[in-house]
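Given next are the chains, with one letter for each unit.
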Amino acid sequence: MPPLPETPSRWLVLGLLLGFATPAGAKPPGPSTFCAEYPSAPACQGTQPACTYCHVAPPQRNAYGTALEGSLAPGKPRPLSNADFALGLPAALRAIANEDTDGDKAPNQLEIEQGSLPGDATSVPPSGTCGGGENPQFKVCQYDARFVYRRLLSDFCGVSPTYVQVQTFLELGSEERQRAFIDQELDRCLQSDFWRGKHGQLWKVAHPKIRPVGSVKSGEDAGQIPLADYYDDYALFAWSQTDDHDARDVLTANFFVKRSGANPTRYTSVTSTPSQTVDALHRAGNMTSAWTLTSFVMFTALPRNAASQMYRAYLGLDIAKQEGLHSVASEPRDYDAKGVKAEQCAACHATLDPLSYPYRNYNGIAGGLSNRYLPNRLELLFPNDATLAQTPEKGVILGQPVNNLLEWAQVASNSDAFAISTVTDYWKLLIGHPPTPEEHAEFVRTWQAFRTTHGYRVQKMLHDLIRTEAYGAP
Amino acid sequence: MRPERLLLTCLLLTVTGCSDKPPVAIDLGPGAGPGVTPTYDGGVAKSQKGNLRFKGPERLSLDLAQALELPASAVCNELGKYPCLDVHGVALGGVDPYQHSVYETAPVTGAATPLAVERTVLSACNARVALDVNAPSSAVVFKDVALTGGKLKDAASPAVATAMTSLVRRAWLRDPTQEERDTLVQLARDVEATGTPNPGVAWMQAACLAVFSSAEAVFY
Chain A
1 MPPLPETPSR
11 WLVLGLLLGF
21 ATPAGAKPPG
31 PSTFCAEYPS
41 APACQGTQPA
51 CTYCHVAPPQ
61 RNAYGTALEG
71 SLAPGKPRPL
81 SNADFALGLP
91 AALRAIANED
101 TDGDKAPNQL
111 EIEQGSLPGD
121 ATSVPPSGTC
131 GGGENPQFKV
141 CQYDARFVYR
151 RLLSDFCGVS
161 PTYVQVQTFL
171 ELGSEERQRA
181 FIDQELDRCL
191 QSDFWRGKHG
201 QLWKVAHPKI
211 RPVGSVKSGE
221 DAGQIPLADY
231 YDDYALFAWS
241 QTDDHDARDV
251 LTANFFVKRS
261 GANPTRYTSV
271 TSTPSQTVDA
281 LHRAGNMTSA
291 WTLTSFVMFT
301 ALPRNAASQM
311 YRAYLGLDIA
321 KQEGLHSVAS
331 EPRDYDAKGV
341 KAEQCAACHA
351 TLDPLSYPYR
361 NYNGIAGGLS
371 NRYLPNRLEL
381 LFPNDATLAQ
391 TPEKGVILGQ
401 PVNNLLEWAQ
411 VASNSDAFAI
421 STVTDYWKLL
431 IGHPPTPEEH
441 AEFVRTWQAF
451 RTTHGYRVQK
461 MLHDLIRTEA
471 YGAP
Chain B
1 MRPERLLLTC
11 LLLTVTGCSD
21 KPPVAIDLGP
31 GAGPGVTPTY
41 DGGVAKSQKG
51 NLRFKGPERL
61 SLDLAQALEL
71 PASAVCNELG
81 KYPCLDVHGV
91 ALGGVDPYQH
101 SVYETAPVTG
111 AATPLAVERT
121 VLSACNARVA
131 LDVNAPSSAV
141 VFKDVALTGG
151 KLKDAASPAV
161 ATAMTSLVRR
171 AWLRDPTQEE
181 RDTLVQLARD
191 VEATGTPNPG
201 VAWMQAACLA
211 VFSSAEAVFY
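If you're matching them up, the sequences are chains A and B in order. Here the first sequence stands for residues 1 to 474, numbered as in the numbering used here. Here the second sequence stands for residues 1 to 220, numbered as in the numbering used here.
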């Protein structure tokens, strides 16, 4: 088994990437160099700007990327090497800082600092102004307890308050008493089946992560070809998001969760269940569930799909959109001979392949060997492929080396990206969109408190979220 | 657009429109309160956010069931047995993850969404009106609203005003303005003028539809 390289420094990566970067494509060092120039930009808080910050889709540039290119390393022959690109980028960023490249009347630097997009005319910095006039039904531009009460019951209980309930709420008088009542109501609604029950709101948050397929479901509500029971995945997800449980359990649990009852629906941890077959020493929450292995590993030797789906679902980093790229030196090795060393593939696969190696012993669909951890899986199931057998179990996630999938899960669940992704899920569910530039400060406070003060407890985070102006100002 | 839909649309716009007229309270009887709220649409403060959210299939159905005091299963069913929130779930902003791999709600409103909303609301309204008309002693919204020869007996009666206030409170969680209530009462005469049979019942259905399919009822 070849040794895995140490974590590369940015400059080492730059040097190693020289050979296979796409000539006119997005440059891997672009985001990190941008953030070094604009460290306080909202796009750099706990994450990095996606390639779409400068590109429509690489190599095609948006207005900002086009202006940047014109100021980048003038006189140097094109295509620029990654080293020349990284050296020239800071000066180019400064050169166009005062321009308004997307024509929305906001200079680039202001947009970057305020969190709007300098290459998108529809994305503008918050105006900070509120309209005049009066409206006895709503307190626009400020936190409106009546509005929050109505919205909260709809969001978490699934039904608006009645007229009488609204009047009773208003009779509480002071905003302090109203806010205390709202907190009580939130706790009550978090027990409702609309929120936590089968097919409830938490399940809705989980759909894009679990990606169920009814026709191959086993167990309750089984399909025509029962292969695996994804209700176990929903149960662990709901468990991790409710009561006083740690949200990271969704990636790290070595136990399973069973759902029972209704109104309220209960989730209970168990050490084993007939529908799950990975042994306790190799379990990593939903990353190693029978459904994940069936659906995302399937018959694959190197389960890139499983790794990229976990990266997308739980860290919010979609490699297909060139998000979360942390290129590893000397990767991809292309153990499975898929041609990923080609320069148009390598920019993503230098991140994706080392991300996938820790899945090498987790088996998908294979009769009696389905959905299990099999030491030497590749050697066992692909005995005639010596190169494939060299695939290491060690990998790299977020630039950090890991020995196996359990360590992968630990690094992932303790990352800023996990906290940001978790809070973003609820931001989208409850506010209706990802955080906007004007909501950014509240968003950052919310995910940072979720990670620190609240110890990854979603219920506590939700109390914070409903107190934001983003949620409570109509 | 069909004439009756155009009429309803115009009336709906009127109901939710602007006015500088001061509100005039109607006495609804002891303990009932004035039943109207002051108009507030002159120089109304504009939201910087404009972040209204569509209720979607589950909330729309649950709100209709609660507001019109119907069992959730009676709100709307296609062919009498397939719940509208399932049949029209995706059109109503829902998901269909297990059978059709629709894991997230559509980022934009579909072309069929307004029709699905009206379909659902009208079904619930028809169910409520039928119950109120067929069993007046246990009527919920249109209590004591007398019909003669299929027509509204007295549009100016307190019972009619009370019914309209009740409708608005159930949908908008506030009292109607005087103009809103007057417009809903005026709707009775407009419906009669179309020559439809049973204009009294048609008015109840139309008033209910206008209120419960309004932006204030469908968004939150």
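In short, the hints are calculated from the structure, not lab data. Honestly, I wouldn't trust all of these hints.
Said to hold, decoys possible - Not the full set, but computed from the structure, chain A residues with beta-carbon under 8 Å of chain B:
1) V140
2) C141
3) D144
4) R150
5) V159
6) S160
7) L172
8) K204
9) R333
10) P434
11) P437
To be verified - Simulated pairs of lysine-lysine, PhoX-like, Cα-Cα distance not exceeding 20 Å:
12) K49(B) <-> K428(A)
13) K143(B) <-> K139(A)
14) K428(A) <-> K394(A)
15) K143(B) <-> K153(B)
16) K139(A) <-> K209(A)
17) K46(B) <-> K139(A)
18) K139(A) <-> K204(A)
19) K394(A) <-> K204(A)
20) K209(A) <-> K394(A)
Owing to the predicted nature of the structure, the values given are computational and were not obtained by experimental measurement. Even glycine gets a Cβ: it sits at the ideal position worked out from N, Cα and C.
Taking the hints in turn, this is what the structure says about them:
no., hint, verdict
1, V140, "holds (4 Å)"
2, C141, "holds (6 Å)"
3, D144, "violated (10 Å)"
4, R150, "holds (6 Å)"
5, V159, "holds (4 Å)"
6, S160, "holds (5 Å)"
7, L172, "violated (16 Å)"
8, K204, "holds (6 Å)"
9, R333, "violated (33 Å)"
10, P434, "violated (11 Å)"
11, P437, "violated (13 Å)"
12, K49(B) <-> K428(A), "holds (15 Å)"
13, K143(B) <-> K139(A), "violated (34 Å)"
14, K428(A) <-> K394(A), "violated (35 Å)"
15, K143(B) <-> K153(B), "holds (13 Å)"
16, K139(A) <-> K209(A), "violated (37 Å)"
17, K46(B) <-> K139(A), "holds (10 Å)"
18, K139(A) <-> K204(A), "violated (31 Å)"
19, K394(A) <-> K204(A), "violated (34 Å)"
20, K209(A) <-> K394(A), "violated (24 Å)"
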